[in-house]
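Peer 1: For the record, the sequence lines run as chains A and B.
Residue numbering for the first sequence follows my numbering, starting at 1 and increasing by one per position.
Residue numbering for the second sequence follows my numbering, starting at 1 and increasing by one per position.
Calculated from the structure, these hints are not laboratory results.
Errors might be hidden in some of the hints.
Dumping the calculated DSS-like pairs for lysine-lysine here, alpha-carbon to alpha-carbon at most 27 Å [unchecked claim]:
| id | chain 1 | residue 1 | chain 2 | residue 2 |
| --- | --- | --- | --- | --- |
| 1 | B | Lys145 | B | Lys40 |
| 2 | A | Lys131 | A | Lys77 |
| 3 | B | Lys62 | B | Lys40 |
| 4 | A | Lys115 | A | Lys131 |
| 5 | A | Lys77 | B | Lys33 |
| 6 | B | Lys145 | A | Lys77 |
| 7 | A | Lys115 | B | Lys33 |
| 8 | B | Lys145 | A | Lys131 |
| 9 | B | Lys62 | B | Lys49 |
| 10 | A | Lys77 | A | Lys115 |
| 11 | B | Lys33 | B | Lys145 |
| 12 | A | Lys131 | B | Lys40 |
| 13 | B | Lys49 | B | Lys145 |
| 14 | B | Lys33 | A | Lys131 |
Here are a few chain A residues that sit away from chain B, every Cβ distance over 10 Å (derived from the structure) [to be verified]:
| id | residue |
| --- | --- |
| 15 | Ser22 |
| 16 | Glu40 |
| 17 | Arg47 |
| 18 | Met54 |
| 19 | Ala61 |
| 20 | Asn107 |
| 21 | Leu122 |
Glycine residues also receive a C-beta, built at the ideal position from the N, C-alpha and C atoms.
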Amino acid sequence: MKRAKELGFTALETVLAVAILSIVGLVISEVFTRTNRMAENSRQSERAVALGDMVLEQYNAYASQRYDLLPSYNSTKVRPRDFFRSDDDFGYGGLSITTFAEPDLENSLTQVTVKVSWGGGLFPPSVSFTKIYVQRMNGDAL
Amino acid sequence: MLSNRRGITLVEILLFSSISIGLSFWLVPWLSKPSRIQQKMQATLEQQKALRATDIFVNDIKQTLPGQLTFDPAGQSLTLEIAGESPLQVRYIYQASPGPQDGLYRIANGSSTVLLSGLVTSASSAPLFRYDSELRILTLDVLLKMVSGPPLRVVRRVALAN
């Protein structure tokens, strides 16, 4: 006896199709989310490197004129406008600057560490730089 | 006994519409994600390019002979002398003419090189070059037009050598 033609989908086929589509959709959305996060991190890293360069130039100026006062410029998570004492953040809003100058009096040098971070959380992403200034005989820095 | 029914009922239309609208609201942000990601990556590349283009400016400033840096009052150009076997005079000038000629030019040895083009900053707005006489720091501050998205601000600060 011939089977009657069956039109439409059974419940099981529908459930399976929805499940497969959902899994595929979840994977695609995860890829998009991760790519977006990576692109954002890459952008922020570039900005942080440029800002770190500016901070080190500021320390170059401090070291050449006020070498002994380098530790007085230590900062913890300050905005660019606060570090540079300017009216705006120079386009680097959202980044924060932490600096630490560690003098080595025995060897007449000072190690300056600059960390630029962004985002929140307990361990925000950041980039760090270190520069060593050597004191000249006349009190300025090299 | 069920009669043959043709067409769609109002309830089915309402149900279909509400499901479609709900799905659209959920899908639309995802459809725009690829272009947003592409814009972010483009902005990162543009910033890299702009920073690399201004590296020559930073190098020139670092090699400037003491006391050999002069500004114009509007802050749209500066002239400096670079140390070397024979001092080299270099001039940086912002050319504000419209079209492909506008940009930040470096003029040295009789030839001019455009470092940055498509600047938003005009001669009547904030100066390109600013000098902090207390710290002896020179600042270059420009706004670049982007193909898509807001203008990109590029700032370079250089401490002058003693």
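Peer 1: With d taken as the least Cβ-Cβ distance between A:Ala61 and chain B, does d exceed 10 Å?
Peer 2: violated (4 Å)
Peer 1: Keeping to a limit of 27 Å between CA atoms, is the pair of A:Lys131 and B:Lys40 held or broken?
Peer 2: violated (31 Å)
Peer 1: Below or equal to 27 Å on CA atoms is what counts here, so check B:Lys62 against B:Lys49.
Peer 2: holds (21 Å)
Peer 1: Does the alpha-carbon distance linking B:Lys33 and A:Lys131 stay inside the 27 Å limit?
Peer 2: Between B:Lys33 and A:Lys131 the Cα gap is close to 40 Å, so the pair fails against 27 Å, i.e. violated.
Peer 1: Between B:Lys49 and B:Lys145, is the straight-line Cα distance small enough, at 27 Å or below?
Peer 2: Holds - the C-alpha atoms of B:Lys145 and B:Lys49 are around 13 Å apart, at most 27 Å.
Peer 1: Can we trust that A:Arg47 is non-interface, i.e. its beta-carbon lies farther than 10 Å from all of chain B?
Peer 2: violated (7 Å)
Peer 1: For A:Leu122, which was marked as not at the interface, is the minimum beta-carbon distance to chain B over 10 Å?
Peer 2: The assertion about A:Leu122 holds, with a minimum of 25 Å to chain B.
Peer 1: Looking at A:Ser22 again, its CB stays over 10 Å from all of chain B?
Peer 2: Answer for A:Ser22: holds, closest chain B Cβ roughly 13 Å.
Peer 1: Hey, A:Lys131 versus A:Lys77, does the alpha-carbon distance stay inside 27 Å?
Peer 2: It holds: about 19 Å lies between the C-alpha atoms, which stays within 27 Å.
Peer 1: Verify the proposed pairing of B:Lys145 with A:Lys131, using a straight-line Cα cut of 27 Å.
Peer 2: Not satisfied, since the Cα-Cα distance of roughly 34 Å exceeds 27 Å.
Peer 1: Given the hinted pair A:Lys115 and A:Lys131, is their Cα-Cα distance within 27 Å?
Peer 2: holds (12 Å)
Peer 1: Take a quick look at A:Glu40 and tell me if its Cβ sits farther than 10 Å from every Cβ on chain B, holds or violated.
Peer 2: violated (6 Å)
Figure legend: structure checked against the earlier numbered hints; hints not met, in rising order: 3, 5, 6, 7, 8, 12, 14, 16, 17, 18, 19.
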